[in-house]
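Visitor: The lines below spell out each chain.
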Amino acid sequence: MIAYIVRRILYAIPILIGVNILTFLLFFVVNSPDDMARMFLGQKHVTEEQIEDWKTERGYHHPLFYNTEEQGAEKFTKTIFYTKSVRLFVFDFGRSDSGRDISFDISQRMWPSLAIAVPQLLIGLLVTISLALLIAFFRGTYIDYWAVVICVALMSISGLFYIIGGQFIMGKILRVVPISGFEDGIFGIKFLVLPVLIGIVGGIGSSTRWYRTIFLEEINKDYVRTARAKGISEQMVLFKHVLRNAMIPILTGVVVILPLLFMGSLITESFFGIPGLGSYTIDAINRQDFSIVRSMVFLGAVLYIIGLLLTDISYTVVDPRVRLN
Amino acid sequence: MNSRSAILIIIFVAFLLNACSDGAWNNPYPSEGKGEGDTKNVIYSSFSERPKRLDPVSSYSSNEYQFIAQIYEPPLQYHYLLRPYTLVPLTASRLPEVRYFGENEVLVDEDALDSIKYSEYTIKIDQRIMFQPHPAFAKNVKGESVYLNLTVDELDDIHTLSDFEATGTRELTAEDYVYQIKRIASPYLHSPIAGVMREYIVGFDEFRKQASEKYPNPNGGWHDLRDIKLAGVSVVDRYTYRIRIKGKYPQLVYWMAMPFFAPMPWEAEKFYAQEGMEERNISLNWYPVGTGPYMLTENNPNLRMVMEKNPNFHDERYPSEGEPEDKANGLLKDAGRKLPLVDKAVYSLEKETIPYWSKFLQGYYDASGVSSDSFDQAIQFGSGGDVQLTDLMKEKGIQLETAVTTSILYMGFNMIDPVVGGDSEQSRLLRRAISIAVDYEEYISIFANGRGVAAQSPIPPGIFGNIEGEAGINPFVYDWKFNEPKRKDIAVAKQLMKEAGYANGIDPKTKKPLVLNFDTPSAGPDAKAQLNWMRKQYQKLGIQLVIRATDYNRFQEKMRNGTSQIFQWGWNADYPDPENFFFLLYGSNAKVEHHGENAANYSNPEFDRLFEKMKNIKNGPERLATIKEMTYIVQKDAPWLWGFHPKAFSLFHDWYQNVKPNLMANNLLKYKRVDGAARQAKREAWNKPNYWPLIFLGLFLLVSLIPAVIAFRKRERSTLK
Chain A
33 MIAYIVRRIL YAIPILIGVN ILTFLLFFVV NSPDDMARMF LGQKHVTEEQ
83 IEDWKTERGY HHPLFYNTEE QGAEKFTKTI FYTKSVRLFV FDFGRSDSGR
133 DISFDISQRM WPSLAIAVPQ LLIGLLVTIS LALLIAFFRG TYIDYWAVVI
183 CVALMSISGL FYIIGGQFIM GKILRVVPIS GFEDGIFGIK FLVLPVLIGI
233 VGGIGSSTRW YRTIFLEEIN KDYVRTARAK GISEQMVLFK HVLRNAMIPI
283 LTGVVVILPL LFMGSLITES FFGIPGLGSY TIDAINRQDF SIVRSMVFLG
333 AVLYIIGLLL TDISYTVVDP RVRLN
Chain B
14 MNSRSAILII IFVAFLLNAC SDGAWNNPYP SEGKGEGDTK NVIYSSFSER
64 PKRLDPVSSY SSNEYQFIAQ IYEPPLQYHY LLRPYTLVPL TASRLPEVRY
114 FGENEVLVDE DALDSIKYSE YTIKIDQRIM FQPHPAFAKN VKGESVYLNL
164 TVDELDDIHT LSDFEATGTR ELTAEDYVYQ IKRIASPYLH SPIAGVMREY
214 IVGFDEFRKQ ASEKYPNPNG GWHDLRDIKL AGVSVVDRYT YRIRIKGKYP
264 QLVYWMAMPF FAPMPWEAEK FYAQEGMEER NISLNWYPVG TGPYMLTENN
314 PNLRMVMEKN PNFHDERYPS EGEPEDKANG LLKDAGRKLP LVDKAVYSLE
364 KETIPYWSKF LQGYYDASGV SSDSFDQAIQ FGSGGDVQLT DLMKEKGIQL
414 ETAVTTSILY MGFNMIDPVV GGDSEQSRLL RRAISIAVDY EEYISIFANG
464 RGVAAQSPIP PGIFGNIEGE AGINPFVYDW KFNEPKRKDI AVAKQLMKEA
514 GYANGIDPKT KKPLVLNFDT PSAGPDAKAQ LNWMRKQYQK LGIQLVIRAT
564 DYNRFQEKMR NGTSQIFQWG WNADYPDPEN FFFLLYGSNA KVEHHGENAA
614 NYSNPEFDRL FEKMKNIKNG PERLATIKEM TYIVQKDAPW LWGFHPKAFS
664 LFHDWYQNVK PNLMANNLLK YKRVDGAARQ AKREAWNKPN YWPLIFLGLF
714 LLVSLIPAVI AFRKRERSTL K
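The listed protein sequences derive, respectively, from chains A and B.
Mapped onto the working numbering, the consecutive letters of the first sequence carry residue numbers 33 to 357.
Mapped onto the working numbering, the consecutive letters of the second sequence carry residue numbers 14 to 734.
In case anyone wonders, no lab produced these hints; they're calculated from the structure.
A partial selection of chain A residues facing chain B, derived with a Cβ cut-off under 7 Å:
#1 N63
#2 G74
#3 S212
Glycine included, C-beta positions come from ideal geometry on N, C-alpha and C.
Given only the sequences and the hints, what does the whole structure look like? Please build it.
Guide: This is the structure:
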């Protein structure tokens, strides 16, 4: 397995280089270093000299990929791409264009993102798997039919609607939780209730329907029929046999997103005023802060690769037949 | 303990925490503690965008001024209540004394414009003004600085500014003001007004050159600017300094009321420039050091900013004079009281308007603007078109203040464009026809909920040179009818089109409708209605308007290159002087040729001559006559459709007092007062939790499970069919 992991890590390097090039291209197609300087320095009374100075201080005065004015390797190393990308591979994110230490900011802002994402994932899984099992139990009946209809309806509603509706009902009409905000420590719990609840409700439709499909696929297999023939109760069949065997596709979906929980949710964090990594990223995009954008995209890519690797490893845990070679 | 018990316990703890906080479950300030709002004067406000910089040398946006204007004190400020806007001393003991010099340093009269070579401003500041407590000033028993020569190892346990145990203070001196002006001139601090100041302050460029030579590395630690001479700025004595500028520039005093000219202690710069500080994000941009009424005690721009009263704040009193109606409005109740009137201000990050508005209605914010989402809920128009609050607002005791802002949103023609630009009669008539056709009164009504005043000239109401009534209308676009300006009939515009050679909007060269291009950075769904409306306005004349929507960066690029044709732009006044608006049309400020703020690239030698004269003379009949001449020229040439001056609507609760819109001053927090007990009472009354629907919902879910359980059991017990 170690050889497999090492190989996967080596595969990740070209992927990360590709992601980096793509981020770089997409960012600089839309924003030139001059645009970034203007965004930072403001719109009023800015002179060309100030823009040049700003670029020089932050290393944006170099060409993007190829420096014709330099000799030898410096044709490639004295470029924005090289100077801004290489250190990422040792996880040195450097400083943002406004001078802040990006690693420090990430370490501070991942906790609020996790505070929402982890309970949302765990409670969401519990609720949706239970509902899916229940629906699978009543398969073919009117309960199954209406449950699917409701799931489709829930899936069709925009996430924004859940947020605004949730804030309106829970925060404004019922006044049981704050409409938005965040607090560190134990007082933070009451700020988490609404975003977590909305995240769970918003995900019920799609997840329940997906898990129902997985369970229905399992429920018609021979080993289930055998279990029933042996007189095992339906409850036991569902929770002991079907659930365990349906774990592989469930794990595929869940384990892969585990590392990405760090990255936060852009819309939820924005609407609830939560200082997580989602709002950190969206702020950086709005401010055209390339240093943060490239760091967050790189981090996201690394975490996604880790997620995929963890998924493969988890297969071996839940299914002894799977071997990583 | 099984999982069901664990969930129940979590829910119970959450409810317990809610109950323990302060009674209101939805209170977004649980850590503030019950009673704090009663006993202390705390203001609750918000910010929608995190401030990028809190250094007075570079901060220039309103979201940054919201904070730094309460912390840093320039020598002058605007009187809170008097109108027109009046400069009064802040840390200065009186307004600057100005002397004018001609050739050979001979004193000349201020009206001898042609003879003036230099102007000299002497500013005397008050004594015994102290800086806020800060580690940069901390000294040991021997009188040596504790934290100005730290090693990296000594910073091991330091993560934020509050980790420095000792703090100190010192008296404000003239040297601190001089040091800050040198910072404006620094080649590495990128002050946005460096470009303006280099035109005036004597020795500015030489100073930059010397600073670059002394400190070639922009990031190489502390740049001690004290020993580098800036010829035009000098310390006269401990409390007096002098600024010498080239020629005459009366607008300099307005800059002296902005944070750019606030004092900066060299110790602070040295302190933050030490090795290891930047890595810990301990910087002047994060932890400001001032003499103002407040100091930033919590800086978490991702969540909350908290300002608390500066214990060292000098003696400043609430103004005892105002406009005639101010007394009746209760704005002089606190006359003579020591400022600031509130102890603390909590600003929460609120990016979206919907949650902000809901929390304002719940009493968790003291004041609010009116977004278009909530406009109908808050505002209604009376039968006479007067603005009123809705019954819901009145029931809550919410009050409304409105003010026409000192800004303009206009539509500009690129004057170097061959079709709409230039000085030909054809293009002038075309521009004037369009000026009549685009109905800004309708625009204000549809897209701004009536919050605006159609502009007659570049100068907004409240600024010297804006003329109200019939004498002030744009005679090329409006007629004076029934005691108000009435836009000319579209037939007049069509006639102008005919005279311009575009009868019925047909371009004689192509024999097809004239095609004009409108460049805009607004491309989203929200902008679609506005852009469609704009097309229709041009269609009235038979002109086909092509919308060239792009992102803001590309739009800016087009403006810089002069490749746009028609565009929309705006300007907020830096200071209340007509020069700050007319300079947007001054030829030497043309964007393409001179990289200035004249986005229309308008150039008229007569206008430029009058501008140079107007900017240097005092407000009075002569200046007004010059402004009228200038206004007539630009109204005739029509390089802009004058657009409108937006009207700001502010709502505030009745416990929030001393509210008077002041669009020039930014240091307004110190005048505000709150009745904490009244606020607490209303918050409790408005925010009683209504948990019964949740209980009913829970019961409903339980009951609805019963058939499922029955069906489940039945199925379990049934035999195989």
